[in-house]
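Q: In case you want the letters, here they are:
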Amino acid sequence: MNDELRAPIAFTIMGILLAIVGFTQSWSVSLSVINLCIISSIMAIGVNLQWGYGGLFNAGVMGFTALGGLTAVLVSHDPIYEAWDKAGVGIVISAIIFVLSITALLFVFRNIENKQIRNTLIILIIVFGLIGINNFYGPSIDIIESINPAKTGFLGGLGLPIIFSWLIAAVVAGLVAWVIGKITLRLRSDYLAIATLGISEIVIAIVKHEDWLSRGVKNVSGLDRPVPYEIELQQSEWFLNLVEIINFSKLEAMQSLSSRQDLLNDLVIDSSGIFVKLCYAGLFFSVLLLIFYLSQLALNSPWGRMLRAIRDNEEAASAMGKNIFAQHLQIFIIGSAIIGIAGAMLTTLDGQFTPGSYRPLRFTFIIWLMVIIGGSGNNLGSIFGGFFIWFIWIEAEPLSIGFMNMLAGGLEYDNPLRMHLLGSAAHLRLFIMGLLLLLALRFMPKGVIPEKIQKK
Amino acid sequence: MENFEFINAMVLLANFVIVPALSYGSQLALATLSLTIIYGVLRFSNFAQADWMSFGTMATILFTWLFQSAGINAGILPTALLALPFAIIVTALFCLLIDRSVYSFYRKQKSQPIVLMIVSVGVMFILQAVVRFIIGPNDRKFFDGEKYIVHALDFKNYFGLEEGLTIKSTQLITVIVALVAMISLFYFLQKTKLGKSMRAYSNNEDLALLSGINPEKIVIVTWIISSILITTAGVLYGLDKSFKPFTYFNLLLPMFAAAIVGGIGSPIGAVIGGYVIAFSEITLTYAYKKFFVYLLPESLEPSGLMQVLSTDYKFAISFIILVIVLIVRPTGIVRGKII
Numbered sequence: 045m046n047d048e049l050r051a052p053i054a055f056t057i058m059g060i061l062l063a064i065v066g067f068t069q070s071w072s073v074s075l076s077v078i079n080l081c082i083i084s085s086i087m088a089i090g091v092n093l094q095w096g097y098g099g100l101f102n103a104g105v106m107g108f109t110a111l112g113g114l115t116a117v118l119v120s121h122d123p124i125y126e127a128w129d130k131a132g133v134g135i136v137i138s139a140i141i142f143v144l145s146i147t148a149l150l151f152v153f154r155n156i157e158n159k160q161i162r163n164t165l166i167i168l169i170i171v172f173g174l175i176g177i178n179n180f181y182g183p184s185i186d187i188i189e190s191i192n193p194a195k196t197g198f199l200g201g202l203g204l205p206i207i208f209s210w211l212i213a214a215v216v217a218g219l220v221a222w223v224i225g226k227i228t229l230r231l232r233s234d235y236l237a238i239a240t241l242g243i244s245e246i247v248i249a250i251v252k253h254e255d256w257l258s259r260g261v262k263n264v265s266g267l268d269r270p271v272p273y274e275i276e277l278q279q280s281e282w283f284l285n286l287v288e289i290i291n292f293s294k295l296e297a298m299q300s301l302s303s304r305q306d307l308l309n310d311l312v313i314d315s316s317g318i319f320v321k322l323c324y325a326g327l328f329f330s331v332l333l334l335i336f337y338l339s340q341l342a343l344n345s346p347w348g349r350m351l352r353a354i355r356d357n358e359e360a361a362s363a364m365g366k367n368i369f370a371q372h373l374q375i376f377i378i379g380s381a382i383i384g385i386a387g388a389m390l391t392t393l394d395g396q397f398t399p400g401s402y403r404p405l406r407f408t409f410i411i412w413l414m415v416i417i418g419g420s421g422n423n424l425g426s427i428f429g430g431f432f433i434w435f436i437w438i439e440a441e442p443l444s445i446g447f448m449n450m451l452a453g454g455l456e457y458d459n460p461l462r463m464h465l466l467g468s469a470a471h472l473r474l475f476i477m478g479l480l481l482l483l484a485l486r487f488m489p490k491g492v493i494p495e496k497i498q499k500k
Numbered sequence: 016m017e018n019f020e021f022i023n024a025m026v027l028l029a030n031f032v033i034v035p036a037l038s039y040g041s042q043l044a045l046a047t048l049s050l051t052i053i054y055g056v057l058r059f060s061n062f063a064q065a066d067w068m069s070f071g072t073m074a075t076i077l078f079t080w081l082f083q084s085a086g087i088n089a090g091i092l093p094t095a096l097l098a099l100p101f102a103i104i105v106t107a108l109f110c111l112l113i114d115r116s117v118y119s120f121y122r123k124q125k126s127q128p129i130v131l132m133i134v135s136v137g138v139m140f141i142l143q144a145v146v147r148f149i150i151g152p153n154d155r156k157f158f159d160g161e162k163y164i165v166h167a168l169d170f171k172n173y174f175g176l177e178e179g180l181t182i183k184s185t186q187l188i189t190v191i192v193a194l195v196a197m198i199s200l201f202y203f204l205q206k207t208k209l210g211k212s213m214r215a216y217s218n219n220e221d222l223a224l225l226s227g228i229n230p231e232k233i234v235i236v237t238w239i240i241s242s243i244l245i246t247t248a249g250v251l252y253g254l255d256k257s258f259k260p261f262t263y264f265n266l267l268l269p270m271f272a273a274a275i276v277g278g279i280g281s282p283i284g285a286v287i288g289g290y291v292i293a294f295s296e297i298t299l300t301y302a303y304k305k306f307f308v309y310l311l312p313e314s315l316e317p318s319g320l321m322q323v324l325s326t327d328y329k330f331a332i333s334f335i336i337l338v339i340v341l342i343v344r345p346t347g348i349v350r351g352k353i354i
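Line by line, the protein sequences are chains P and E.
Position in the first sequence counted from 1, then plus 44, gives you this note's numbering.
Position in the second sequence counted from 1, then plus 15, gives you this note's numbering.
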């Protein structure tokens, strides 16, 4: 097939699939899928920058997503003044001690040559740092967590509009990526994968268990929204008029006034949900377009060409005087920042932050599938991968249940085998994902929309 | 009574730190050995290894149920030990099937290690699906037989101490089985012709091929050894605690950490790494308050729990050790071959 045609064909098929869902299930479902598809695509672009441009295997996508989500909470939630009043000082002091200890450690590590003195100093700093932090930290978090634990019990956030968090999430994720990159990027590619896998587990452990920061597994819900609420829409004049105008012919067909009013009410409730989802879709889509545009610019710039040169032949690039470590660090930070943005967007869409829901399969390895099946090194491919794989991930469940019903067709209703088959249908989608990845790697290693190599 | 205080403190430490860490370390060491052998011979980081562990354990549980329903048991030992050899055969066969249908293609293409690593992610998905499909995602206990060798209460009464020492039979079995497995593995690698050719292949593939070593045979043997080790590790872990696919998947990180800390690709390093990770996980998350209460005079008694890290951060520990090793000594403890 002509390579030029691959992208349009792929996206047309995707559009048809989503339309089928719209017609057979409902447009509301289709829009929910699309919103998550867009977020997945942004994550996939982030991973694609790291893997497709830079050849870096980041197995910690989940961690950066969660960081983005945490940022959304910390930016948008109202501050809990009582907690700050009673225990803010303790938390700030422990934070200062923490930063000072890390700075001291770095200083000692870099500047003291004598090994014995260095090691003694390091141990001293760690011990005193821990004692100092424990002195202030423990009592403070007890106080914070005891303040209205059913509703808050944490420090709260800044109380800013949640949309700011998308930008701040990029900064937070980028900073964390900088620290990890500094440690691991000098080493071989496998180490990066394992180290990022580890850091993502730690991030999850922190958001799950540091209740004073994130409420932990008690979740933070009712986050503020960048789009109107359904209930507000249903009560506003202009929205009612809009619904009436759009559904004019349907309403006209009604005979009695009361049935006409009932239909209008139903329509208003339905369309308010769809309208909210459309607003989200519009917001997300603009972010996606912006990130896509910038990534394409970067890809085609001298910087992007240099990165690909490094990816394809490190020795040669190094001989040309390129600093491989610095370039890898840059691309790692940028990619992680994009993943952070997507994480914040996801939490915004959910309206809640649920640390317990972050699982590596869903948030790390699925994203990898998107990039590889879409086409490593091609941003359009990543977008397609994001849409396609997320669509499969969602629709695999009803399909598996249907498949299992077919398998168990001849069996009695309460046959144990039938019950087992139906109960395990949810696991089939893992199988489908694995199979897709293996098939793609084997028969289409360049992905659906392969990387374009420009030859001038 | 000064002396008793000291003995009490030591028994406390043995009961809550040393015995659990020894058995967890042995399980981790076996699992890491299998990871490192795949890495050494087939040259890729196998992300599916933790799921091979749950697959092997699942097979063992199924055989255990079969034996139990047939009325076969091993007396005071858990039935799972009888089921283990059969489960190993099933696991090894499945490993070879996956190797034939998936990995061998990339080996022939001489793909980069990172491609094989991504392929192993695909295998990981499939294995997770298979395991959850067959046995479900829930917690399962499959231990039977005699539970304790030394019971805390008996120990207290016998020695007249305040602290009791519990040794579960699974802990003793773990240590013994792990020792036997490790010794036979090292004997195999060092003394037998096949083991030597495996090491040769791992050291220098081309040279090994030139001297007439059959690569296919090496690959098959590698998968079989890996299945033996990983299934044994999984069964021991499951007997000691319980079997749950997600918990097993989470062992991937400690396994990798242990492999790197010990020196990736080196079998002896894998064993050391396994114990290092296990001991640090448990010593750093144990609350030492009671221990110090025994040892120190009353005026110096600690007020806090005396815990370095809360148990919620077990994963963080393997990672922190990993990072320290990466900074201080990237080749791992046993500096040897890096394959």
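Read the hints as simulated data drawn from the structure, not as lab findings.
Keep in mind it's a predicted model, so treat the numbers as computed, not measured.
One or more of the hints may lead you astray.
[What the hints assert, rightly or not] Quick list of the computed label-pair ranges, beta carbon to beta carbon:
id, chain 1, residue 1, chain 2, residue 2, range
1, P, ASP268, E, VAL130, 40 to 50 Å
2, P, LEU231, E, GLN83, 40 to 50 Å
3, E, ALA215, P, LEU443, 48 to 58 Å
4, E, ARG122, P, PRO442, 48 to 58 Å
5, P, SER362, E, PRO230, 46 to 56 Å
6, E, ALA85, P, GLY395, 51 to 61 Å
7, E, ASN153, P, LEU231, 34 to 44 Å
8, E, PRO128, P, ARG162, 49 to 59 Å
9, P, GLY395, E, ARG58, 42 to 52 Å
10, P, ALA63, E, GLN83, 48 to 58 Å
11, P, ARG230, E, VAL130, 19 to 29 Å
12, P, SER362, E, ALA29, 22 to 32 Å
13, P, MET450, E, HIS166, 49 to 59 Å
[Unchecked claim] The calculated lysine-lysine pairs, modelled on DSS-like cross-linking and capped at a C-alpha distance of 27 Å, are:
id, chain 1, residue 1, chain 2, residue 2
14, P, LYS262, E, LYS259
15, E, LYS156, E, LYS183
16, P, LYS252, E, LYS329
17, E, LYS304, P, LYS252
[Unchecked claim] Over 10 Å on every C-beta distance to chain P, these chain E residues come out as not near it, computed from the model:
id, residue
18, LEU108
19, ARG155
20, GLU220
Ideal Cβ positions, reconstructed from N, Cα and C, are used throughout, including at glycine.
Q: Confirm or reject each hint.
A: Verification of the hints:
Our hint of 40 to 50 Å for P/ASP268 and E/VAL130 holds, since their Cβ atoms are close to 45 Å apart. A C-beta distance of roughly 48 Å is found between P/LEU231 and E/GLN83, which places it inside the suggested range of 40 to 50 Å. For the hinted restraint 48 to 58 Å between E/ALA215 and P/LEU443, the CB-CB distance of approximately 49 Å keeps it satisfied. In this structure the supplied range 48 to 58 Å is violated for E/ARG122 paired with P/PRO442, their Cβ-Cβ distance being about 38 Å.
The hinted window of 46 to 56 Å between P/SER362 and E/PRO230 is violated, with their beta carbons roughly 33 Å apart. Separation of E/ALA85 from P/GLY395 is about 54 Å and conforms to the stated range, judged on CB atoms against 51 to 61 Å. The hinted window of 34 to 44 Å between E/ASN153 and P/LEU231 holds, with their beta carbons roughly 38 Å apart. Taken as a hint, the range 49 to 59 Å is violated for the pair E/PRO128 and P/ARG162, whose Cβ atoms sit roughly 35 Å apart.
About 47 Å separates the C-beta atoms of P/GLY395 and E/ARG58, a value consistent with the hinted range of 42 to 52 Å. At about 54 Å, the CB distance of P/ALA63 to E/GLN83 agrees with the hint of 48 to 58 Å. Range check, P/ARG230 to E/VAL130: about 22 Å between beta-carbon atoms, so the 19 to 29 Å window is met. Between P/SER362 and E/ALA29 the CB atoms are about 53 Å apart, so this pair departs from the stated range of 22 to 32 Å.
Between P/MET450 and E/HIS166 the Cβ separation comes to about 54 Å, which falls inside the hinted range of 49 to 59 Å. Restraint check: the Cα-Cα separation between P/LYS262 and E/LYS259 comes to about 24 Å, which is no more than 27 Å; the hinted pair holds. Taking the CA atoms of E/LYS156 and E/LYS183, the gap is about 15 Å. The hint holds against a cut of 27 Å. Distance restraint check for P/LYS252 and E/LYS329: the Cα-Cα separation of roughly 13 Å lies within the 27 Å cut-off, and the hinted pair is therefore satisfied.
The straight-line distance between the Cα atoms of E/LYS304 and P/LYS252 is roughly 25 Å, inside the 27 Å bound, and the hint therefore holds. Non-interface call for E/LEU108 relative to chain P: holds, since the shortest CB-CB distance, roughly 19 Å, exceeds 10 Å. Chain P leaves E/ARG155 outside its interface by the beta-carbon criterion, the shortest separation being 15 Å against a cut-off of 10 Å. Its beta-carbon lying about 18 Å from the closest one in chain P, E/GLU220 satisfies the requirement of being farther than 10 Å from that chain.
Hint compliance for this structure: hints 4, 5, 8 and 12 are not met, and every other hint is.
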